[in-house]
Amino acid sequence: MIHEDAVLDGAGRDTQARDRAVAQMMKLWEAKGTRRAAKGAGLTLMAVTLAACGGSSSSPTTPVQPEPTEPETPTEPETPTEPETPTEPGAPAAPTVTVSFDNATGEFTVTSDVEAIAQAEDGGAVVTVADVTEGEADSIEVLLTASGLGTLVFDFADAADTVVLAEGSTIVGFDTLEVRSGTVDVSAADLGGVTVVEVNSGVVMTAAQFLALESVIGAGAVTVIAATAAEAAAVAAAIAEGAVELSEGLVPVVVAAEGADAAVVAAVAEANASIEISTDPVLTELRDLAAAIGEVDAAEAARAAFLKDAEDNDAVKAELEGDEPTLEEIGEAVDVAEGTTADTLGDELFGLGVVDVAADFGGASDNVKAGLIADGREAAQKAVDDAQKALDDLTAELGEIDGLLPAIAAVNSAKEAEVAAEKASDAAAAERDFVLQDFAARNDLVLRKNEDGKSFEVDDDGVVSILIGDEEALGTLDLFKIVDGKVVDGPDFDAKLVRIEELREAGAATVEAYEAVEQAKISRETAEGKLSALDGDVAEATVYADGEAARAALNEAQGNLDGEEGAIAAQESLEDAIAAWEGATALKEDLGALDEAVTDAKEARDEFGEVTELGAPGGTLPGTAEDDIFIVTGAAEGQAFTIADFGKEGVDSLFIGEGYTLVSLAELEQDITANVGDSTALEVFWEEDGDDLILYIETDAEAGNDRGEAATEGLVKVTLTDFSAADLGTEILDSGILYATQPEVA
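Residue numbers for the sequence shown follow the UniProt record's numbering, so the first one is 1 and each next one is one higher.
Possibly wrong hints are sitting among the right ones.
Below 20 Å or equal to it, Euclidean Cα-Cα: the simulated EDC-like pairs (lysine to aspartate or glutamate) are [stated by the list, open to error]:
hint	residue 1	residue 2
1	K308	D335
2	K648	E582
3	K308	E582
4	K648	E596
Don't read these hints as lab results, they were simulated from the structure.
Just so we're clear, the structure is a prediction, and the values are computed from it rather than from any experiment.
Take the sequences, apply the hints, and build the full model.
If you want it as structure tokens, here you go:
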């Protein structure tokens, strides 16, 4: 009940009681005048204003500012008069009393309802609330204006009473609100900069006020009013995420604001369920365990993805055997590749004269390796520069002989053309042989081979000899021949043969390619003749005996620069070796970091208890005296496990993964082999078998959607011996954990 007499202890005593209170305050202030003067300007001034709401006083009291005067003898208390009843609606509000005081210790009686305001040791203020009605739970509505530093304390004479801070109440400067006994409803007040609430009794506040806090400490009751579903969810999230820190065992309760709709009420219920989990030490630790398991999964997934990418590295691929290596094999290949590429780079550096032994690079420190690589690059560049200079000098020297460089270029070009023509001729002959083979097979013919047994017999005129049927009985037959590049038809039966035209075209192409070779030879001989004509000039002007010797020297100089084994190729080979080693080294370092991340994640997970990963093969797993943690892995698919003593010692948990729902086979009135469940949802089917609880855990949503033995192929069967469904904790199944704790002894 909210009393209309609020701060004053009865409307009839408003004037007299107020006068006595003011007089008493003045005497106390005057008695301390000397001490205040000694403190001087360094004092902190704070004001606490308390006002009744809806009181019956006819006029407000002027705020009192005490001045140091001679102490006066307190007057005797006067008998209060009867309360006056307002004569008309809209009577003035209850009187307001302002109290100003410094950091000196002292108490100032304000009314009989708010018994005293005292200076706290930390510079805050203590408001002591007197008991209005002995033996009853009073509700006192107060308009409060408080400014100061430190902690504002409410201390009740009756812990059953409640102070409601009316709309318009403000708290300025204080950073902590403490409720020692009783309940304070601050939902209509402006809390200013209050960030800490200490409550060992009760406090009521809005969601916005709660979310503005840093911590709530104590063991009291905290009621949070949510006006919307979003506010309710935000309060639960702040508690779950630790945005608002709570003392252990403190469980705030969210209530829906007056007039809230069904959606808000539902959200409040969901928020309270979440808060209950977030503030339960066991469930909180299990949620942390689920997060730790998730960190392990994430670390292992990152490592696996890295290794699959590393498989494409050329150096790593060179160390692998088979088309589908395992992750472990790839990891080993990464480790070996670093050493292999270091050896290759050492060989390159040895070839450049940077190291005396190739192995010197692999055994060097990181700083020395960097220095050797720099030296190698310098040596390779010098080799390129030297080769370029040698080529430039020789080119300039030979260029002094008129026509020599063009003649050398012509010979080189003619030789290259001849080589290309010979390759083309060989390719045409191979194609002709292929067509002949196909032709013979399609027409059931036997082709005569040369003595080497590798090619078909073709004479100088392009005649192809083909055996028809048995060689001894029928002999050979000239099928066709080519004269002047034109096909001359063979006997009449050739029109009946399959793919005869393709055979003729292949034969013509072979002859054409052969003729191109002959023409290339002629061109080369002509170019060589022109070069030979310059032999005398070459011998006279250079150290070379003739034009061919000069050509060979120039080609050698060119090859030393950009040939297959020239300086540029060596430089490129060095850079390739450096890149391969750096890539392999980076892979090894990255893999090491990922391995370390997996190890760290597992160590953090293992701090929660004794971890056992369920994989192939299945079997019986005994419980221990520790907090046992059983983790279902992908390798457990199709396996069956039996866990003994689950929940008998400590807190035992079974991690199955997120997104599951529990389904009772008894409620379905079906057996696990009867094509049960939803093919679009992850489910855990359960049934009790005597004293045991059996769980069937799907590895994918479609598991179990079959009949007979095939129905269990995608399931993981876990039997908890001497265990009932009633003992299975499911509150945090959304985090992927089923659990059980040691039963309490009655």
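Hinted pair K308 and D335, Cα distance within 20 Å
holds (15 Å)
Given the hinted pair K648 and E582, is their Cα-Cα distance within 20 Å?
violated (54 Å)
Given the hinted pair K648 and E596, is their Cα-Cα distance within 20 Å?
Distance ~34 Å between K648 and E596 Cα, so the pair is violated.
Are the Cα positions of K308 and E582 separated by 20 Å at most?
holds (19 Å)
Taken one by one, the earlier hints fail for this structure at numbers 2 and 4, listed in ascending order.
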